[in-house]
Amino acid sequence: MLLSALLGLLASGCASTGPSFGDTVMAEGNAVADIGEQWEEGQALIRKGNKKVSKGNDQISEGKENLADGTSMVKSGEKLVRDAEKKYEQSRVVLPAK
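Residue numbers (mature numbering (1 follows the signal peptide of the UniProt record, and there is no 0)): -17 to -1, 1 to 81.
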């Protein structure tokens, strides 16, 4: 944005008195400063994004572990229930009729 203003100043300089050397340097400095700010913002977003990716990968790993543990617990619990029901059926005493 400032670079285009600088170019505009330089182009219009041919028709009238041009910007001073100081004006030109200031305009260029402002344009470079804007580019530097944009670069810094980009670097900050990259760092933040990398942290989120890392956190997400950790959550995926933890989720897979939880899924495996939960599945194993369900299978163990279902076996305990089946065994208990089977033992109960086997232990039922049929009383003789009177």
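The set of hints was computed from the structure by calculation and includes no laboratory data.
Please note that the accuracy of each hint is not assured.
[To be verified] For lysine-lysine, the following BS3-like pairs were computed, each having C-alpha atoms within a straight-line distance of at most 27 Å:
(1) Lys47 <-> Lys58
(2) Lys62 <-> Lys38
(3) Lys62 <-> Lys81
(4) Lys47 <-> Lys69
(5) Lys58 <-> Lys38
(6) Lys69 <-> Lys58
(7) Lys35 <-> Lys47
[As the list claims (entries may be wrong)] Here are the in silico distance ranges between beta carbons for each label pair:
(8) Ser37 <-> Lys70: 25 to 35 Å
(9) Ile43 <-> Val8: 43 to 53 Å
(10) Lys58 <-> Val36: 29 to 39 Å
(11) Gly12 <-> Glu45: 41 to 51 Å
(12) Gln73 <-> Gly46: 55 to 65 Å
(13) Gly53 <-> Ala27: 31 to 41 Å
We put the CB at the ideal spot given by N, CA and C, even for glycine.
Consistency of the hints with the structure:
no. : hint                        : verdict
1   : Lys47 <-> Lys58             : holds, 17 Å
2   : Lys62 <-> Lys38             : violated, 36 Å
3   : Lys62 <-> Lys81             : violated, 38 Å
4   : Lys47 <-> Lys69             : violated, 33 Å
5   : Lys58 <-> Lys38             : violated, 30 Å
6   : Lys69 <-> Lys58             : holds, 17 Å
7   : Lys35 <-> Lys47             : holds, 18 Å
8   : Ser37 <-> Lys70: 25 to 35 Å : violated, 50 Å
9   : Ile43 <-> Val8: 43 to 53 Å  : holds, 52 Å
10  : Lys58 <-> Val36: 29 to 39 Å : holds, 33 Å
11  : Gly12 <-> Glu45: 41 to 51 Å : holds, 49 Å
12  : Gln73 <-> Gly46: 55 to 65 Å : violated, 41 Å
13  : Gly53 <-> Ala27: 31 to 41 Å : holds, 38 Å
Going through the hint list in order, the structure does not satisfy hints 2, 3, 4, 5, 8 and 12.
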